[in-house]
Structures are given as C-alpha cells and as structure tokens.
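I would like the entire structure built from these sequences, with the hints used as guidance.
So the sequences go chain by chain: Y and R.
Throughout, my numbering is defined as the position within the first sequence, counted from one, plus 1461.
Throughout, my numbering is defined as the position within the second sequence, counted from one, plus 1461.
There may be inaccurate statements among the hints.
Where chains are identical, the list cannot tell them apart; a pair therefore holds if satisfied intra-copy or between any two copies.
Stated by the list, open to error - Straight-line distance between alpha carbons at most 27 Å, and here's what the computed DSS-like set of lysine-lysine pairs gives: (1) LYS1505 <-> LYS1753; (2) LYS1482 <-> LYS1714; (3) LYS1753 <-> LYS1585; (4) LYS1636 <-> LYS1585; (5) LYS1569 <-> LYS1513; (6) LYS1753 <-> LYS1825; (7) LYS1585 <-> LYS1513; (8) LYS1482 <-> LYS1569; (9) LYS1753 <-> LYS1714.
Everything labelled a hint here was simulated from the structure, so no lab data went into it.
2 protein chains.
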Amino acid sequence: MSDPFSFELVATDPCGARMGKVHTAHGTVETPIFMPVGTQGTVKAMTPGELKGVGAQIVLANTYHLFLRPGHEIVGRLGGLHRFMNWDRPILTDSGGFQIFSLGALCKISEEGALFRSHIDGSKHFLSPENAVSVQETLGSDIMMQLDECPPADARLSQVESAMALSLRWAGRGKSARDPEKSNRALFGIMQGGIHEGLRRESAFGLVDLGFDGYAMGGLSVGESREAMLGVLSYAPHLLPLDKPRYLMGVGKPEDIVDAVACGVDMFDCVLPTRNARNGQLFTRQGPFNIKRAENREDAGPVDRRCGCETCRHYSRAYLRHLYVNREILGLRLMTLHNLFYYLDLAHAMKEAIGQGRFISFQKAFHRALAGEEAEY
Amino acid sequence: MSDPFSFELVATDPCGARMGKVHTAHGTVETPIFMPVGTQGTVKAMTPGELKGVGAQIVLANTYHLFLRPGHEIVGRLGGLHRFMNWDRPILTDSGGFQIFSLGALCKISEEGALFRSHIDGSKHFLSPENAVSVQETLGSDIMMQLDECPPADARLSQVESAMALSLRWAGRGKSARDPEKSNRALFGIMQGGIHEGLRRESAFGLVDLGFDGYAMGGLSVGESREAMLGVLSYAPHLLPLDKPRYLMGVGKPEDIVDAVACGVDMFDCVLPTRNARNGQLFTRQGPFNIKRAENREDAGPVDRRCGCETCRHYSRAYLRHLYVNREILGLRLMTLHNLFYYLDLAHAMKEAIGQGRFISFQKAFHRALAGEEAEY
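This is the structure in structure tokens:
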C-alpha cells in the first residue's frame, strides 16, 4: 500500500494565509490550490497532458455523474477512475449529494439518506452516507467527501440547523463505513451552518470531534452575497484544526479565492474557468472580458500580453473570436486552456507570496489590478 | 522571396503508383499524401501541434468559408492564414466554387462567374475566376485552385460538357489573373468531364496546354458509383504530365485512396476522418466501427491494438464510448486524432511500399485486411 494521506503546513503568512502540502497516494498537491472540475471523468475539452501543462495538480470528479454513467462499478472494473481517464495525479470526488439536490428530478431526504431520480432517464436510486463513501472508494478517489445536506441561501434558520445536524450525523456514519483496507485515501468532513456563526461552530466542533483527514466548508457560494460569504470566512476556517487542509467548496471567482486564502483556506474548486471559457469569457488580471466583443475582430494581440499560456503565446484575439463565432471546438479548447492557466497561475502566485510573507500586499495589488489600476503582483 | 513551388517525382512503382515531393514556400510535402480539411481555418477539434503529431504535412482550407467569415481581407491584414491559424506548413485552398454550389442559398452561374448568397446571412456575393485567385492569394495559400464548375453525378452529358468547357475557360482566366509577385505560390487546374472519357481527355489537354503547377481531378466522389470512379481513374491520371502533382479532390474512403494511388494519384483530401470521428466512427485496418456499440461499454482495450496514436496508447474503448455518449469534447478530440493518424499512417505506409516497389502486394494485403482476413501490410 502506498503512503497514507497527510497534510504538511509549510508556512503561514502574517495575515493567516497558509502554504502547505497535501500528500496523497497519487502524489503531492501544493496549497493553496485550485482544482479544475472534471464532472464526467474529463475536465471539459482538456487532455490530462494539457491539465499538467497549465499546472493542475489535482482534479475534482463528480460522483453523482459517474454513479449514473458509466456507473462506478464499471469504472472500478476498468481499474478505477485514474486509469479510466488517464490521470495519474490526485483526484478529489464530491459525495454526489450536491448534484442530487440540484439535478435530481425527485429528491427525498430522510435520516437514512437521499432517494432520487436520475436526471438522465428518471431511474430511482438511493444514496446513504455509507454507500456515498463506498462508491467513492470504488472509483478510487484520493480525497472523498462525506454525504451532506446543503440548504440554499434563502433557507430558514430551522432548515439550516436541521441540515447541519443531519450532515453531522451522516459524517459519523460515513466515517464508520470506510473500508479499512483503503485507509491511505482521505475522507473530508463538511461543515454546514449557513451564515450562522453558532451553527458553524457547532458543526465544526462536531466534525473535529469525529476527526477527519481534512475539512470542507459547504453551504457557501449557494446564492448568498459576497459580503455574507466573507463574513463566514472571517471566523469559520479558524474553527478547524491547523494541521488539516481546509477546502472551500464551489468557490469561485478569482477575487473570492484570493480573499478566502487570506482567511486561511487551502483548496478550491469551481466550474467558472471551464464553463465560462465555453461561453467566450476569458479571465485576465484586469478582469474578465468576452471574446465575442466586436473590438476583438481584428485584434492581432493575445488575450493577455502578460500571460504565458499556449493560447496567449500562439493565437490572436481575432482568431479566438473567429473560432468562437463559428462554434469551433478548437476555440473552446484554447479558451478553456487560458482560463485554467489563469486560475492555476494565480494559485501559484499566492503560494509564492505566502512563502515570502507578503500576502497582504499581494492581495491589495490583485484587487487594484482588477479595478483597472496599475499594479504588479 | 522563398523558393518557388516545384514537384519532384522520386519513384514510380511497377503498377504506376508514384512517390514524390511537393516543394512549397512553407516546406516539403511527401506524396502520396492525405490533407486534413480545415474548413474554417481550423481542422475541427485539433491544434496545429496535434496535426503535426499525427503526421499532417499540409492542410486544406475552404476559401468560401473564410471569404464569408472572418473575410479574406481581415485574414490578410492579420498576416495571412498561416499566422492566423498558427500553422507553418503548407496550406492548399480550394477556389470556393464547390461550396458555393452546394451551400449557397442562391447560385447563378454565368460566363462571368458565380453569383451567390451567403448560407450564413443571405448576403449577395460574386466570385469570378479572377477574384477566386486573388482571394486565395490574399489568404496566403501555398496551393491555389482555379474556379471550376462541378456538375452532379446525375447531370446530363450536355451539362457535363458545358461545365467542362466553362471550367477550361475559367482556368485560363484564373491563370492570367495571378499576381506575378506571388509566383512562388502554385495554381492548380481542375479537370472536369464526369465519367466521359472524351470530355476528360479534352479537359486534360486544354489544361496542360495552358500549363499549371499541378492538376486536380474534380467531379468525382459527387455521387457516382465506386466502379464509375475507378473507371475514370484507370485513364484520367495518365492524361496528365508525369512531372506535376495530381490531386483527386474530395476522395475519400481509405480503400478509394489506396486504389487511386495505384492509378498514379498523389494528393487527397476528405472530411471523412474528421467528420466521422465526431459521429463516433473510428477507422481501423479491419474497417470502421462505431464507438457507441454496446460491446465497447466495458472494453478496456484500445480502438486498434496495432495503432500507435495517442488515443490508442492511453485510452480504452470504454472511456471513448463514455465520452461520446456524454457528448464530451474530449471524445471528439481523441477520436478525430485517431482517425487522422490512421489516414496519415496509411499515406506513409503507401509511400514506403512505393519506394520499395511493392505497391501491388500492399494494395492486396490492405483489401484482405479490410475484408477481415489475416493480412500484414
């Protein structure tokens, strides 16, 4: 068996931002890190080689999708998800819960688990805290997530409270369900509690009491304001142990990630760089813009003169616009590549800044550049 | 100015198959060669680097599409098609005529040229034999095609005859319209005449009398039977000079290409490997098959055990089927890559066989393998 999962805290910036190393059976991830989302066993439009080329160290795969198609058992029989998708670096899988609640045609949550219908063919399925773990073990995930209930931002306090309490009970059941022979895999608990400090505190204490390999913050980026999210981030990470990785699920915009790192978060995932690329939106230090804009029609320059990605090195805005307008696959590829490079380059720059103890000035320069001011970071 | 265009006949197989070198301002193409089709300034789903990786030496671009979008003048102002699409090897452009006739909403052919409406926005345009050449010169094509009229397979003899005669007059006008400062580019004449030997003869003699850098055979693969096409190929290439390249337009299936090479054809283009890949059809020595077939669902093996392409080296049929069923872009990419590798590997194998004077046995083995028999080639 390969080395067990572990987290190594390498440096802490005066502001609380952390630099660390997540050691897994498929190699080490340097944090802070952004994880590209590979919903159906592929980060849309990218090869594993290209992902490595833009600096991806770990990808996220969605258990819900793979459970339905091709089925986790088929993936398992084919040698696991790493071999299936030809990716030899770490994989984090979600529990499937979030997609069940958002995509499932019918979804009944009980103490026992979640009964749902497939969004593909309407077939009925049941996911419990126990089989959410065993499905992820069958896929061969390096970092598994517990099944949790994630209420929307407009849920009543009583709903948020009961979802937090249920998630905590499910956390315990998920932990007990682990296959002891696969102990080199990690299982993360998920903190819930919405924007209510008391509930977040109760959730964190309960999870830490159970003891997990890492801790995720769920229930954010579900429709609340940026201010509300930053409010939670001002205290929530500090409820978690220093010696375990902290993962903010589904976040987010570059500015949200930078601000969350300042609050001591280590890991992030979001569909923004990939999904928005396919809608023509490209990220730059000066903020995002859409390639379709008429001013790009004859622009021989790259997306971002300071970017070192393959797209910016070899292709003009005019060509990318031409590809996008003509719905050419190559356009989706080149724009996805650029956006992922941007996100991973940002993660790398944050890590460097933390290592040098200058994250606060980094964060300020980042926001100034985004506001259109002259700023180097 | 770079070296002028030239053709070098390197070897001739006892059966008449030819091995040669086409020298252009953007490098040399070894024949027989298959040219991937890059309709809109991109071979669908592929980067230039991947095209080189599968052995592509030259690509075809469609003048009609680039004329309408983004416009040849924009491409010219951006430095030409090579720079626009980041492809530094040779480019052959068609004249635009074939697409006008097949895609244009309205198309009126007169002695002067072709009046047509854009299939995109209905706008009116006119293409003459003269501006067909100047549009291609503006794009920066290495090998330009004359404007011709290509009648369908079911056209009456009188239609085929008048189209051949008009194409011949347009050939002369196209040649006269060339920019003398761009003489390092090639212009090919196009033989017409359907399946009528007398008309093919008249067309060939007329074109050779005018004198072109190379000669294309048009009006085939337009709906006639395979036997009818092979009938024309039994004599048509021999109406053309030995010291110029011969290009069979729009052909075709692997078996058609192999048989045409035996008849002395040097160059081919076709959308089959790329378009069929996007429909899930994959080419192998044993013939094509569709990835969607249920038997591929759990097949851990590659598309073709004997294939050395990236797709076959790293991905299973089960994964490709999963990607295809889920309409994932990566599936279109990996299948396009395999099919282009197959076509270019076939071209390479034919070249080797001709160089060793064993093309007849190669051709036989190719057909035996295709029929499911044991055969090495």
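Verification of the hints:
Proximity of LYS1505 to LYS1753 under the C-alpha cut-off of 27 Å is found in both arrangements, the shortest distances being 21 Å within a copy and 20 Å between copies. For a Cα distance limit of 27 Å, the shortest separation of LYS1482 from LYS1714 inside one copy, 23 Å, qualifies, whereas the shortest one across copies, 53 Å, does not. Taking the shortest Cα distances, LYS1753 and LYS1585 sit within 27 Å of each other only across copies (24 Å), while inside one copy they are farther apart (42 Å). In this homomeric assembly, LYS1636 and LYS1585 come within 27 Å of each other (Cα to Cα) only inside a single copy, at 25 Å, whereas the closest approach across copies is 69 Å.
Taking the shortest Cα distances, LYS1569 and LYS1513 never come within 27 Å of each other, neither inside one copy (40 Å) nor across copies (53 Å). In this assembly of identical chains, the alpha carbons of LYS1753 and LYS1825 never lie at most 27 Å apart, being 30 Å within a copy and 52 Å across copies at closest. In this assembly of identical chains, LYS1585 and LYS1513 lie within 27 Å of each other by CA distance neither inside one copy nor across copies; the values are 37 Å within and 47 Å between. Taking identical chains as interchangeable, the C-alpha atoms of LYS1482 and LYS1569 are never at most 27 Å apart, the minima being 39 Å within one chain and 69 Å between chains.
Taking identical chains as interchangeable, the C-alpha atoms of LYS1753 and LYS1714 lie at most 27 Å apart only when both belong to the same chain, with a minimum of 21 Å there against 37 Å between chains.
Of the numbered hints given earlier, the model fails hints 5, 6, 7 and 8; all others are met.
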